[in-house]
Amino acid sequence: MTHPGSLPVDTPEEALRVQGLVEGLFVAMRTLQSYGREHPLSHQSVLALRERMVDAAPPLSLQFVGQAIFKDRTMVPLPLRVYRVGQHLGQLLHRLHIQELVMERPVAVEQLTELCLLLGEADAGRLDSLEGVEIPGLSWRELPTARYGIEVEEVDPEVFSSAQLALAIGDAELLPAGTAAWNFAKGLTVVRRLERAVQVSREAVGRALELVPGSWTIARRSVAACTHVLTALTALEVSGAARRVAAHAALALAWTGLAERGGGPFADVAARTSGRLLEAPAVSRTGVEPHRAKLSALVFLASGERLEGDLPAPLLDLLRLAYELERRRCPVKVPFDLTLADLLALALSEPVAQCDPTWVRALSTAYGEIPPGARVLLPDGKVGLVLGGSEAGPLRPQVLVNGSVLVPGGPVRFLSPSVIARAGGG
Amino acid sequence: MSSHERQTPVDPPSPPDGERTGEHRTEPVSVARIIGSTLDGLVRSCRVESPSVLQIAGRLLERWDQIPDCVLRLEPTALYIADQEILTAQEDDGRWLLPAFMAGVKTIQLADDTRPEDVVRFASELAALNPTLASIGRLRDWLWAEGAEGFEILLDHGFVDGLDASMTEPVRQRALLEALRSQGSIALAMQAERIASRDLDAAAARDEFYLPLESFSRMLSDGDLSLPAEESSQLAARCDDSLFWIDAQVHLAFAHPELQAQVPAERLARRALALVRGGATARFLNFLSEIMRRREPYARKLQAALDTPEAGEALGTHAVTDERSIEALAPLLAAPASALTRALANTLLERCTGSRESLQWLARLMSTVGFEAFCGKVDASQLTERCAVVMGRLLAASRAPLHPVADLLAHVPPATGVRLATTLPPEILFRLKQPVLKLIGSASLKDAESLLAHLAAQQQNDWGEVVGEVLVASRGEEWPLPVVRTACALVTARGHAPKFLVPLVQDRHVGDDIKLTVLRFIERDPRAVAMLGTMSLGSLFQSREVRERLKELRRRQEEKS
Chain G
1 MTHPGSLPVD TPEEALRVQG LVEGLFVAMR TLQSYGREHP LSHQSVLALR ERMVDAAPPL
61 SLQFVGQAIF KDRTMVPLPL RVYRVGQHLG QLLHRLHIQE LVMERPVAVE QLTELCLLLG
121 EADAGRLDSL EGVEIPGLSW RELPTARYGI EVEEVDPEVF SSAQLALAIG DAELLPAGTA
181 AWNFAKGLTV VRRLERAVQV SREAVGRALE LVPGSWTIAR RSVAACTHVL TALTALEVSG
241 AARRVAAHAA LALAWTGLAE RGGGPFADVA ARTSGRLLEA PAVSRTGVEP HRAKLSALVF
301 LASGERLEGD LPAPLLDLLR LAYELERRRC PVKVPFDLTL ADLLALALSE PVAQCDPTWV
361 RALSTAYGEI PPGARVLLPD GKVGLVLGGS EAGPLRPQVL VNGSVLVPGG PVRFLSPSVI
421 ARAGGG
Chain Z
1 MSSHERQTPV DPPSPPDGER TGEHRTEPVS VARIIGSTLD GLVRSCRVES PSVLQIAGRL
61 LERWDQIPDC VLRLEPTALY IADQEILTAQ EDDGRWLLPA FMAGVKTIQL ADDTRPEDVV
121 RFASELAALN PTLASIGRLR DWLWAEGAEG FEILLDHGFV DGLDASMTEP VRQRALLEAL
181 RSQGSIALAM QAERIASRDL DAAAARDEFY LPLESFSRML SDGDLSLPAE ESSQLAARCD
241 DSLFWIDAQV HLAFAHPELQ AQVPAERLAR RALALVRGGA TARFLNFLSE IMRRREPYAR
301 KLQAALDTPE AGEALGTHAV TDERSIEALA PLLAAPASAL TRALANTLLE RCTGSRESLQ
361 WLARLMSTVG FEAFCGKVDA SQLTERCAVV MGRLLAASRA PLHPVADLLA HVPPATGVRL
421 ATTLPPEILF RLKQPVLKLI GSASLKDAES LLAHLAAQQQ NDWGEVVGEV LVASRGEEWP
481 LPVVRTACAL VTARGHAPKF LVPLVQDRHV GDDIKLTVLR FIERDPRAVA MLGTMSLGSL
541 FQSREVRERL KELRRRQEEK S
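Line by line, the protein sequences give chains G and Z.
Here the first sequence is numbered in our numbering, starting from 1 and rising by one per residue.
Here the second sequence is numbered in our numbering, starting from 1 and rising by one per residue.
By construction, these hints were calculated from the structure, which means they are not laboratory data.
The C-beta atom is built at its ideal place from N, Cα and C for all residues, glycine as well.
Be aware that one or more of the hints could be misleading.
Here are the simulated distance ranges between beta carbons [to be verified]:
id : chain 1 : residue 1 : chain 2 : residue 2 : range
1  : G       : R141      : Z       : P51       : 35 to 43 angstroms
2  : Z       : A111      : G       : E13       : 39 to 47 angstroms
3  : Z       : A111      : G       : E131      : 49 to 57 angstroms
4  : Z       : E49       : G       : V54       : 41 to 49 angstroms
5  : Z       : P228      : G       : E13       : 38 to 46 angstroms
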């Protein structure tokens, strides 16, 4: 829904334009209500509204959702005065089952007048005033799941989690590359999305991550590393603070260290990541940011610079595991990628991963014994793709076979890529 | 007038929407509304960097604590406690309410250990808030990343997250799900398999493709991949180990001094001390010892923040009394004395005198630290009688050098000192003459007499000589008259009346009351009386009363003889 070319609404100029548009619409509506179509004041107010519409440089869309106003799905910051006006308009539109206005181009004065009159009538109680009305350059629609004034939770969990995952990968692609200072805000956004996704539906996230079409880009693998940490720590019911720090660390390490195929050694990557974290400036007014401090401390510890002390650091083992899993996801000099099941199996073997087996077991428990994406052989000889667990037992997961989802009648077996190839794809 | 001064607690806040009626003016201001106005005043004070922010924060906390389980609920243009509106957003007042709501703040509560510094920090972030996306996002991020220490903030999705949730387009997501479940997935997998087949020979030798799926399968079947509940709990607890996080941050700050502003020493110290309440394990004590040994400026700040009597008391109260703790406490107690170590030593003494096992533990600790070093940490003036006695006994039994005991006697409260002295072995007590004599002078009459009586009972040591020397040297003025009386009794009992009491009588500078007191005891010793029998020129200078008494003594002596 974002229209290319429009300024981000976070710039003061753009925010003022949108605020002006909202105010102008309200004023015009009220003026027409009070004075009617012919009065010079009404004409003046509509002209002013049109000017503001031109200023706002359509095409654009305005959403009135959850006590806020959004332009092209980005929230418009509002001063108190405009907020109150926006609330009135939003409530009115909501009564008309409208949550989104789309302006394709500046609307003609006559049609704007018509619109404002109709809105005025609706404000006075005639809630069918806009039925059947068409205004060139302007359209509106209801957002079925957007309820005014209350929390919006009514989406299918799988949809929600998948959406958050997709958004997280998109946000991860915007993380600073190379050795540039880490962008904490962006990192937090990614972690926050993933945390919500995992909390709503861990299975959906695991499934989407492993099975969604597309290549295993660095962004996707970084998000995967972050998800492994979140999944494991959520299942263990570790506190939110520790969980977020560890997840953010996993994201930063993966983003810094992974290459298109493979990636750098963990300790080196940790040292580079530590540098990036330390370079980022504090943003809070007081400079005290516990999350940033803990994150920097954790990655610093992972870099091995601090050799003294014997405090146990299980989180470091988890970070190493998450990184190494994704490093091996896309093996060097080989064109295909490994599934999570392959990676977990690798992680248990010596001396490949040097990863604490406890965490491998924790991840296995959290993802389900046979993780999504695993290629398995069914008792009837067919090859399937694991989608998730089932009530039939850990060795009888939900499997995708020839486009159908089924639960096998007996235990499945893992298939390595070589076996799959020899079998000609099953 | 600075902004915070306008917001004095007694000023009623403006009624909503600017209405002013007589009723509003006369209505008593509730604590809840005071909280609202004080919080807003604090935010404004932070905005202008007023030097009084800490005081305002302290007042706010006091008021907040007056309402049990007080929860501030944020709406877009107002702040509530329960159903009472306590602050309304206007152009000046409550400017931060709407942006904070937009950032997702729903409710605000105090934590158990909220300090004024925490309140100032939170208010400062609210003060920096303005209605821009970047600013609102920054607050949201700061809150989500537990920046508001000392508060429990209920964050909701916030406008932005709410939009993400509400605007998920079903059409697009259905397409995503179809992708997951469609023929396309399998087709893709089959394509990947074909690719693997082509490259398999080349890749077969690579380690990455030695996939131990068979063993993984076997472990899965055997249940070896599951994590038992107990192991899960332990793992989770280790992840949440507060000491790990504190230690990690401290060492980060050591390694990168430029970050020390982000990890204020006082804040970490407070968190570290909060851990003690759960039991000061050896791990924690080792951490503390390491901090106390370091000399960097940041370490000194940590030490200063930790070096408080409260910290020492907390450590002493909650230290686990095992051998590991002795190893961990010893370096701490061996270090130079500080407020922390003094309180620690005293608290340990108080705590460990209650049972035989703990007393033995204490003895081992003192031995490990070194008795002298341990005594150097004890604040003798704060010791209870029981502790002083126990300590004295421990020291006496340890054959440690005497000066710790002497110091103890010198600095404990006199009553305690007397009690301690009477429990020391006679030979040790006799080696502590000076402190004992001083104690006699500083103790109450009753205690001094009690001590002298105790000394008199010690046959093996001649306290009569010691006491007599003091009497003569001080002309009897060292101690109050009743104490002098008891001292004379001791001297006489030891047969030293001629040596010490007679000179007192003969000394022109000794007061009459002393002489008269002394004469009563001289009477018990014929030798002393005999010495006084001979008239001397000096007797001409005695007062009439003393002369009369002397005459009486001589008369009785003559009658006897």
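Here's how the hints hold up against the structure:
1. Separation of R141/G from P51/Z is about 55 angstroms and departs from the stated range, judged on CB atoms against 35 to 43 angstroms.
2. Checked against the hint of 39 to 47 angstroms, the pair A111/Z and E13/G passes, with Cβ atoms roughly 41 angstroms apart.
3. Our hint of 49 to 57 angstroms for A111/Z and E131/G holds, since their Cβ atoms are close to 53 angstroms apart.
4. Hint check: E49/Z to V54/G, Cβ distance near 43 angstroms, so the stated range 41 to 49 angstroms holds.
5. Between P228/Z and E13/G the C-beta distance comes to about 60 angstroms, which lies outside the given range of 38 to 46 angstroms.
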